[in-house]
Structure formats: C-alpha cells, structure tokens
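Trainee: Whenever a hint applies, use it, and build me the whole structure from the sequences.
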Amino acid sequence: MTIDTGILVIGDRKITSRLIMGTGGAANLEILERALVASGTSLTTVAMRRIDAATGMGVLDLLRRLDIEVLPNTAGCRTAAEAVLTARLAREALETDLVKLEVVADERTLLPDPIELLDAAEQLVDDGFTVLPYTNDDPVLARKLEQAGCAAVMPLGSPIGTGLGIRNPHNIEMIVAAASVPVVLDAGIGTASEAAQAMELGCDAVLLATAVTRAGDPERMAHAMRLAVEAGRAAREAGRIPRRYWAQASSPDPDAS
Amino acid sequence: MHVWINGEQRELEAGASVLDALAALGAPSSGVAVAVDGEVVPRAGWSGTGLVDGARIEVLTAVQGG
Numbered sequence: 703m704t705i706d707t708g709i710l711v712i713g714d715r716k717i718t719s720r721l722i723m724g725t726g727g728a729a730n731l732e733i734l735e736r737a738l739v740a741s742g743t744s745l746t747t748v749a750m751r752r753i754d755a756a757t758g759m760g761v762l763d764l765l766r767r768l769d770i771e772v773l774p775n776t777a778g779c780r781t782a783a784e785a786v787l788t789a790r791l792a793r794e795a796l797e798t799d800l801v802k803l804e805v806v807a808d809e810r811t812l813l814p815d816p817i818e819l820l821d822a823a824e825q826l827v828d829d830g831f832t833v834l835p836y837t838n839d840d841p842v843l844a845r846k847l848e849q850a851g852c853a854a855v856m857p858l859g860s861p862i863g864t865g866l867g868i869r870n871p872h873n874i875e876m877i878v879a880a881a882s883v884p885v886v887l888d889a890g891i892g893t894a895s896e897a898a899q900a901m902e903l904g905c906d907a908v909l910l911a912t913a914v915t916r917a918g919d920p921e922r923m924a925h926a927m928r929l930a931v932e933a934g935r936a937a938r939e940a941g942r943i944p945r946r947y948w949a950q951a952s953s954p955d956p957d958a959s
Numbered sequence: 160m161h162v163w164i165n166g167e168q169r170e171l172e173a174g175a176s177v178l179d180a181l182a183a184l185g186a187p188s189s190g191v192a193v194a195v196d197g198e199v200v201p202r203a204g205w206s207g208t209g210l211v212d213g214a215r216i217e218v219l220t221a222v223q224g225g
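Protein sequences appear in the order of chains G and A.
Residue 762 in the working numbering sits at position 60 of the first sequence; the count goes up by one each step and never skips.
Residue 188 in the working numbering sits at position 29 of the second sequence; the count goes up by one each step and never skips.
Read the hints as simulated data drawn from the structure, not as lab findings.
Bear in mind that the values here come from a model prediction, so they are computed numbers and not experimental data.
Here a beta-carbon is modelled for each residue, glycine too, at the ideal position from N, C-alpha and C.
Hints may contain errors.
Here are some chain A residues the structure puts well away from chain G; computed CB gaps all over 12 Å [stated by the list, open to error]:
#: 1; residue: His161
#: 2; residue: Gly174
#: 3; residue: Leu178
#: 4; residue: Ser206
#: 5; residue: Ala214
So the derived list for chain A, only partly shown, Cβ under 10 Å to chain G, looks like this [what the hints assert, rightly or not]:
#: 6; residue: Ser189
#: 7; residue: Val191
#: 8; residue: Val193
#: 9; residue: Ala194
#: 10; residue: Val200
#: 11; residue: Pro201
#: 12; residue: Val218
#: 13; residue: Leu219
#: 14; residue: Val222
#: 15; residue: Gly225
Derived DEER-like restraints, expressed as beta-carbon distance ranges [claimed, not checked]:
#: 16; chain 1: G; residue 1: Glu784; chain 2: A; residue 2: Val211; range: 20 to 26 Å
#: 17; chain 1: A; residue 1: Trp163; chain 2: G; residue 2: Glu939; range: 50 to 56 Å
#: 18; chain 1: G; residue 1: Asp754; chain 2: A; residue 2: Val211; range: 23 to 29 Å
#: 19; chain 1: A; residue 1: Glu198; chain 2: G; residue 2: Asp808; range: 26 to 32 Å
#: 20; chain 1: A; residue 1: Gly213; chain 2: G; residue 2: Glu732; range: 42 to 48 Å
#: 21; chain 1: G; residue 1: Val739; chain 2: A; residue 2: Glu172; range: 44 to 50 Å
Mentor: Here it is, written out as structure tokens:
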C-alpha cells in the first residue's frame, strides 16, 4: 500500500490516472480512441508481435496523439526466456523501460506460471527494467516479486477475459496489506462494481481491457470504469463502517426523552 | 544467401546487414525492434551488423493487446 494518497507512483513515474487500460479486443481504432478518452487513462498496454504489411503503426500513433504512456506487455510468452527477449525488443522498439510482465502457463486458463514469472522478473530487474508483473492472487508470490525488485505487483481478480470479477477478495486484501509497492488489480474485471471493489480492497489501480473493449458500448463502459475507480478509491480513503450482525438504528429512539 | 525474416525465407545479398533485411521487409525505421538468432540488435547496430546464411531475424512492433 502506498503512503501517498494522491498521485500513483510506479518506479520513478507519476501515473495520473488509476485506471490503466489495455487495447486488446477493440473492434477498430476509432472505438478504441473514444474508449481511451472516456476512461481518462494515462497508461495503456500494447502487445509485441511480428510486423506485417497489415499491422501498421496505428495503435502507437493513437497513444502518442492522446498523450498516453505506452506499457508494452509480454503476452503470449510461456517461458522466462521468451518474456525476457520480448521485453528487450519492446524496450528497443518503444524506448521505454516499463514492461507488463506476463508469462502464462497455458492457453485454457492464461494463468501466470509462477516459476517462470519470478525467473523473468529477476532477470528484467537486473537488466534495468521497471517491471510490473501480472501475477496470481497469491500473497506469497506477490511478496517474492516485490523482493525481486518489481515496481508493482498486479494480481488477477480472475482469469483474463472471463469477467468473473474478484474471486478471492481476501487474498487481494492480504497482498495489499503486505505490499510496499503499488498493487494493481489486473484481469477478470467484468463491470464497474468490480473495479470499485478492487479499489475498496485497497488496490492502488485497476488494469482492464476486455470489460471495456468488448462491452456493448465501450465508450460508456470506459466512463463507468473511470467513475468506479474514483469512487472505490474515495470509499477506501473515507473508511467504511464496520460490518455488524444486528441492526443499528440510524434514527433516534422514539421512546427516548 | 538465405535468411529467415519473421519465419519466411528470403534471399539477401551476401554480406547484407540488419538494415538491408528491414528494407527487404519494407519495415518502418521507428517503432520496431529486431532480434537476430534470439539476441536483440540495438538500433545503432543495424547498419553495422552483418547477417550470415540461415540467420533468423525477428522484426516486432506494437499491436493492440493486453
């Protein structure tokens, strides 16, 4: 949990919006642009792939035009070696030391492979990267990633693209309670209440893509997510009431004199 | 000589550099990165890095994702 209650700081960067966006899944760049603007995001992920004639530079040009910092990911990598090479290529292509480190175990679950993830994180930290690892909602692994020098930890709420929300809120709370780097809830968010919940649990930011890009109205959902992240953050800072077993009247007792 | 660029075999002049491989692919010079046989070749080394027969060249750029 960060002590600073204002602007989010990851590594040496000030991140002005606590909603980090992904760009995957948008039907086209126009829809993506409207969603990104509505989200108010200042940091957004891209993937690295082989260039071909049809690829173009569209998404990079768009992020540059919107003055959104680019966060390359290592999506698709299965081993530490693949992820390290992809991160180095991203640094070279995009001139950034930021990397969202993703090392997944299989296509069916897209769950992080913890052994390969930690190995890759150690190598990339040694190589001077600002590493933001996409991790399981495992407090022990989160601690090891922080000890390895990661600039943030990004536990999943549920598997990528499922929209199942936060399946283990207690684990997220434990990660938040123990972390001294920012905690970013990454993956699984389906709708605005879940983004708000992540912030209420004490996360410092939320990273999402599918919930917006594949929503019926991506622009409107992006706006909803922005409000949800702000509301959840405000509620966390305000301090919620304790849960009680029995009712507690909120109006004066009519018999009291 | 034959090299592999993004998984496709291509014919380049003997002694061709990474820069020549990029030109053969029609790749832009910014927003891309190159690895040869699994090692990143920094931009500054593109013109001076010679390729050998059978070299595997990967040229990557950013796309929508994540």
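Trainee: Work down the list of hints and note, for each, if the structure agrees.
Mentor: Verification of the hints:
Non-interface status of A:His161 relative to chain G is upheld: no Cβ of that chain comes within 12 Å, the nearest being about 18 Å off. Residue placement check: A:Gly174 keeps its beta carbon more than 12 Å from all beta carbons of chain G (closest about 24 Å). Every beta carbon of chain G lies more than 12 Å from that of A:Leu178, the smallest distance being close to 14 Å; the non-interface claim holds. No Cβ of chain G comes within 12 Å of the Cβ of A:Ser206; the nearest lies about 15 Å off, and the non-interface call holds.
No beta-carbon of chain G comes within 12 Å of the beta-carbon of A:Ala214; the shortest separation is about 16 Å. Hint on A:Ser189 holds. Least Cβ distance to chain G is approximately 8 Å, under the 10 Å limit. For A:Val191, the shortest C-beta to C-beta distance to chain G is roughly 5 Å, which falls under 10 Å, so the interface hint holds. A distance limit of 10 Å between C-beta atoms decides the matter here; for A:Val193 the minimum to chain G is near 8 Å, and the interface restraint holds.
The beta carbon of A:Ala194 comes within 6 Å of a beta carbon in chain G, closer than 10 Å, and the hint placing it at the interface holds. Hint status for A:Val200 relative to chain G: holds, with the closest Cβ pair at about 8 Å, below 10 Å. Evaluation of the A:Pro201 hint against chain G yields a held restraint, the C-beta minimum of about 6 Å falling below 10 Å. A least Cβ separation of about 5 Å between A:Val218 and chain G falls short of the 10 Å threshold, and the interface hint therefore holds.
Interface restraint check for A:Leu219: the shortest CB-CB distance to chain G comes to about 5 Å, inside 10 Å, so the restraint holds. The criterion of a C-beta within 10 Å of any C-beta in chain G is met by A:Val222, whose closest approach is roughly 5 Å, and the hint holds. At about 3 Å, the closest approach between the beta carbon of A:Gly225 and any beta carbon in chain G falls short of 10 Å, and the interface hint on this residue holds. Between G:Glu784 and A:Val211 the C-beta distance comes to about 23 Å, which sits within the given range of 20 to 26 Å.
For A:Trp163 paired with G:Glu939, a C-beta distance near 55 Å keeps the hint of 50 to 56 Å intact. Hint check: G:Asp754 to A:Val211, Cβ distance near 24 Å, so the stated range 23 to 29 Å holds. Here the CB-CB span from A:Glu198 to G:Asp808 is close to 28 Å, well matched to the stated 26 to 32 Å. Separation of A:Gly213 from G:Glu732 is about 43 Å and conforms to the stated range, judged on CB atoms against 42 to 48 Å.
Range check, G:Val739 to A:Glu172: about 47 Å between beta-carbon atoms, so the 44 to 50 Å window is met.
The structure shown violates none of the earlier numbered hints.
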